[in-house]
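Asker: Chain residues, written in single-letter form:
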Amino acid sequence: MRIDYHIKDKFDFELLFPVIILFIAGLAAIYSSTINNPAAQGNFQKQLVLGVFALIVFFVTYSLPTKLFKVAAVPGYILSLLLLVVVLVIGKKVSGSRSWISIGFLGFQPSELAKITTIFSMALFLTKSNINIDSLKDLLFALAIGLIPVMLILLEPDMGTAIVFLGMIITLIFWKGISSFGLFVVLSPVFVALASLFGIAYFLASLAIIIVVLLIFKKNIFFSGSIFALNLAAGFFTDYVYKVLSPHQQKRIQAFMDPMSDPLGSGYNSIQAKVAIGSGGLTGKGFLSGNQTQLQFIPEQWTDFVYCVIGEEFGFIGSIIILGLFFYLFTRILKIAYSSKDEFLSLVAIGILSVYFVHFAINLGMVVGIMPVIGIPLPFVSYGGSSLLVNMFMLGIVANIYRTRKNYT
Amino acid sequence: MKSESFASPQRRTIIYLTILISVAVVGFRLFEMQILNSESYELKSSDNSIKQVVVSPLRGIFYDRNMEVLVGNSPAYILRIIPSDYDKKLNNLLEKVIDADSGFISEVLDKNKHFSKYLPVKIKKGIDFNVVAWIEENSENLPGVDYIIEMHRNYPAGVSGSHMFGYIKEISAKQLETEKEHYRQGDNVGCNGIEKTYEKNLRGIKGNRFILVDSKRKKIGSYKKGDNDHPPLKGQDLVLTIDADVQRVAEEEFKGKRGALVAIEPSTGEILALLSAPDYDLNQFSYLTSKDFLSQLYNDPEKPLFNRATMSVKPPGSTFKVLEAITALALGSITPSTTFFCGGGITYGRFFRCHGSHGRVNVIKAIEKSCNTFFYQLIYKIGLEPWKQYAEMFGFNNKTNIDIGEESKGLIPDEKYYERIYGEKWPRSIMASLGIGQGEVSVTPIQLALYAALLANNGKTFEPHLVKGYFDETTNKLVRYKFKERNVDIEKKYFDFVKEGMFLVVNGKGTATHIRSEDFEICGKTGTSQNPHGKDHALFVGFAPYKDPQIAFAIVVENVGFGGTHAAPIAKKIVEVYLNKLKRNTSKLDESITQVESRDLLN
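If you're matching them up, the sequences are chains A and D in order. Letter 229 of the first sequence, counting from 1, is numbered 761 in our numbering, and no numbers are missing. Letter 220 of the second sequence, counting from 1, is numbered 223 in our numbering, and no numbers are missing.
The shape of chain A in the complex, shown without the other chains (with noise of 0.2 Å):
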């Protein structure tokens, strides 16, 4: 019994356990809805080789020292942006977006890559002896190691992957204790953006909900002048990434609004989801038995629509117990955060927890019709090789943090 207290005390099982169920899950669910559809005939073998091979490098990840996150932070990060520059030239164009660099027969995405390589390195800063992250200078330079990315994967163009790296900025500052003034002023550009998609008028509410808010704040007037510019700007800046976006995004930001206006066109994904979910009623059809996923409704299910399948084939039961399996995994990782003595490391475990949550708030918003169409796999879930063996990457380190939780620095 003391070995096995030990080994608890090591491994967190609690961490591990949730992941592989989703991962099974997710396995059948990719089964159910590649076996009649000659053209992803092998994904279901695919998965499974890389989850083993994804369960590996769990495991040594697990068993690095902490310290090399901390070395490997810069260096680990310029390597991503040169990487996010090179797929902007020789990147192979998968559905409207360049993203991908294929190194023979696999394909891989810079932006998993520097998706752990910014935490590391806003975590690397941030926890700099002589930073204080209300001050304009340090906060701006958190920001910008943040953003840089951001800026460059915008141009792919990736919108939901840059939303992901959004999350994770504001969760680290908001983690690393900026003040809830602070805070207002990170957020509110976001706020006044999201309006201004909505329209003009929006767009001006948002503004006079800003000039209140800062005129309870009671700062001084250049610098409430300065925010408020800064969240004009934000407004107009919305308008052009908008034009950035790709047709087919834009389609689906405009389905979201009225997804019932174009029934055939960008809503259909979205209402054919709805039906699959809502027709496998509590108990579900059965596993191979869902009609909407067998007879391929929805294009290309196994990716980012994976939760139709089970909301369909194992019904309200199925599709919560899912649910709760994410909502243990996420409280356990923040538990994790919470309780790490290291602050570099507390960053990193909340940086990699806010991934994980924004991943799958998009995702299964967008599946049960709360949010708009953006392509983002739910992890562990999803088909696809790369985001699997990053999440498995960053589930490594969650763990070694446990393992090193009581470690002072």
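You can trust all of the hints, since none of them are fake.
Stretch-level coverage of chain A by chain D, calculated; a stretch enters the list once three of its residues show a Cβ under 8 Å from a Cβ in chain D:
| hint | stretch |
| --- | --- |
| 1 | 703–716 |
| 2 | 803–817 |
| 3 | 842–855 |
| 4 | 858–867 |
| 5 | 891–898 |
Derived pair list, reagent style BS3-like, types lysine-lysine, alpha-carbon separation capped at 25 Å:
| hint | chain 1 | residue 1 | chain 2 | residue 2 |
| --- | --- | --- | --- | --- |
| 6 | A | 578 | D | 177 |
| 7 | D | 384 | D | 419 |
| 8 | D | 203 | D | 480 |
| 9 | D | 538 | D | 260 |
| 10 | A | 578 | D | 183 |
| 11 | D | 116 | A | 578 |
| 12 | D | 172 | D | 128 |
| 13 | D | 116 | D | 99 |
| 14 | A | 867 | A | 540 |
FYI, nobody ran anything at the bench for these hints, they're computed from the structure. Yeah, the Cβ is synthetic: ideal placement off N, Cα and C, and Gly gets one too.
Since the structure of chain A is provided, determine the placement of chain D on it from the hints.
Answerer: Same frame as chain A, but now just chain D:
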């Protein structure tokens, strides 16, 4: 617990709440969809759903130069069974109707067991229309039985054309991987010949249609009367340069022979006929392509899949003497009045024979009589390198860029080549054989045809091609593809000298006087390609009529012996067919179609 300044409990709580609220929102939404409104979604799912289906376009067809259909499409009905709805008791009845052996259907269904029971299984291709009518009438009593129509290639003109047309085949997994945006599993794609080269033009653009289907994937009707449908765009209908009549005659002449024939319109590079014998029956590819048929073709010792017209290489024999003559004239190595003495042969290291004693002959006479002695000497006057340079100007030692797939380059040896093989001191006597087109030199039939076209049209033609352009149904016009020009920079008077020699081959006292025609002045040059493995190959290269040539040709008949005897009569046949036709001026194309536009190939 917590002593550090970072990660305050409040912030931990805020993040916790954010996660909790998000999960709760999704959870509530699931509850609403799957429990509260489940019935309405179920209704949508099972009663009727809008489904997007891809509609394949009709593949472009081939016309000949006079708008006769060479390759067309015809519908074939395919009987299918959807296992999930099907009742096995129907097996016996269906087998009787489609005239299949007992147990056939369960066998096919067994083979497809590992696919989903919702997926239709193709039971038999090419079922009779009566069967289709019977299925329509009794559909109520035939659950899970339906049929679809697929288009197949047919060849209504009675032209085989196997090597130039090519065939279509289900796309391979490998090709599918690289061209995912255009193809889906089960699509057909052009293999070989024109079907392959012009695949992008022929395949058209896929459309899509929205239909209402029930949970069994059965179509209930169109969605919004098809307002949202995008109809497919038919592939381009190609107008070939081939003349069906000439091609048919050529194919008839080559029955039971081995060899190749290419006929070209000299002024345009348009190929009037192209064949490689033996050929194979393209109809065999139309229905379920049996693997047996393909492997049978692969293993046939006669190599019917091999396109002899573009890929077989042989020494050109005496047909090359015309090239040598015009080269010597153009370089000034000889004048038209220069004569050599032929006493039945000449000695270069060893004795090189001529097939007669021609006495003093000039260049025109030498071509007419095919005097070896003259040309043995001539090649030394020209020199190996200039000879090679002129041969290349006429298109040898290179691909002609004909618009169908594989092609051999042949070989024109030079000094480096001989040095590589025999060392620096290679015996110069080897060159004598080259003078009469034997030895290491090798050419393809398509190269010889290009050479004939260049001679006929005084050094000007276009790269040989099989497709003129496509027929635009909306404007009723031919839209031409562009092809590159080919030029040989030699003065016209030199062409006139050698062409006079070629005229005399048939119409003087030459080697092919037996094909002299009352109606048309045929010019040509016989050749015999030495074959160390068996009987020699017969060659005939030429054009007609003498003044203002309309057709140039190269004919190779393998393993039959002397060229004048075996290859030349075929030339006469095709020349007569084609020129008689031109005389009657039956070209429908020129009447009905004005040729206005030009577009780049494969665009």
